[in-house]
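**Q** Read top to bottom, the protein sequences are chains A and B. Each residue of the first sequence is one higher than the last, beginning at 1 in the working numbering. Each residue of the second sequence is one higher than the last, beginning at 152 in the working numbering.
Hints listed in this document are in silico derivations from the structure and should not be mistaken for laboratory results. Be a bit skeptical, because a hint or two may be false.
[To be verified] Here are the simulated SDA-like cross-link-like pairs (lysine to any residue), alpha carbons at most 20 angstroms apart as the crow flies:
no., chain 1, residue 1, chain 2, residue 2
1, A, K38, B, P195
2, A, K14, B, F280
3, A, K38, B, P245
4, B, K347, B, D424
5, A, K38, B, A264
6, A, K38, B, S389
7, A, K38, B, D424
8, B, K174, B, F280
9, A, K38, B, K174
10, A, K38, B, L249
11, A, K38, B, F280
12, B, K174, B, L270
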Amino acid sequence: MSIKVEHELHQRRKGRNMGLLGLLLAFVALVFLLTVVKVQELGDASKFQGYDHVVQPALVPLDRIGSQLMGAAVWLLGLSLVIGATDWGQRDLAAVAAPKLIAALITWLACFWIVVQRRRQRLQGASFARASLLVAIPAIIALYLSLPTSR
Amino acid sequence: MTDVSLEQTSHEAGMGDYFALLKPRVMSLVVFTALVGLVVAPVPVHPFIAFVAILCIAVGAGASGALNMWWDADIDRIMRRTAKRPIPSGKVQPGEALGLGLTLSAFSVILLALATNFLAAGLLAFTIFFYAVIYSMWLKRSTPQNIVIGGAAGAFPPMIGWAVATGGVSLESILMFALIFMWTPPHFWALAIFVKSDYGNAGVPMLTETHGRRVTRNHIMGYMIALMPVAIGIAFTSIGGPIYLATAVVLNLWFLKACVRVWRRDETQAEADNFAAEKAAFKVSLYYLFLHFSALLAEAALRPWGLGGW
């Protein structure tokens, strides 16, 4: 889309427009070079927030908290399964909702497996976070099945 | 009104006219003194950051020049020396000068803050404010001491340069400020004596016209005496040294001699030789400032070889 009709104004303002173009290009170059110099002056790479392939130091405490929560989940879920089992033993097994029980067992086993793997140093940082997120799936299903309407 | 609009159609503003609004000749002094202030500072600055800083200071000074031309367009039109400036000659509209001045002021201050530090940017903003508002709008038309106080605007650049490098203000930067500040009155009034100005027609109170040339000659002498301890005192700070001290002693004796000559004459003597002594004093004043700052630059440049400084 070029302007085909030549107007007198184009010639008259040419000097001004070219001058402005030159100034704008110079400004772009200035900001670019200033950025390069400023970044290089930082020197120490640890000042950047660029932890693409390693765990960011700031996340280490968070990772530890996640692992402790997972341990607590194993204990609590295990305890509630034991309490439930003593209750079922006194009643008819038909009263137990099988899908709910299976979902809860899968969740407990998954949590247990994650905690074991974590102890063996096989699940660290990002992989631990991913596994913890996956375990949320059976946990949510178990919760859904325990809703009054799903019975 | 009619001939103004006629002129506007015949002369369209080009890049050069907008550039003229920035007072390029004043800018060159600003660039030089700011550069010296930056280089003599004890903290090294990356060359490109130094370049950007000097550019910002120059653009800021230019912006205050554009604001000055916008405000003074009425008197510039009356005086012969300034009648060819872009606004009185009709090449640039007053509103354009105001817009350019305000935009470049904001641009230069913000870029300086991002490239260096807030103190340097704050000093630049204050300089622009001082020149455009305190000097142009207020003092210039109200007191014959206008150029004395207005001279502060021209004295800030080395202080800004120093602040760019160190992020602070110190005795050295205050003395560099004082050197230009005290130098401005004898320099400018020597010029005012021999240039037949028409400030009176424009209603600007210049000392030569409000108090006469005799009083102006006395003032030149007074400010010269006050200038000497400042100029020589710099030699004994961290930026001074033997080269600067020798230069300062010679230059101060030279300028003092020229000022004494101007002081002892009366108008008949001056007119007899067509203001030769006043013209000489003005010329010496130009060397005086340039060589003082050059000597500071030399001290800083020789320091890495153990030759500069005490």
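**Q** Tell me, which hint numbers fail for this structure?
**A** 2, 3, 6, 7, 9, 10, 11, 12
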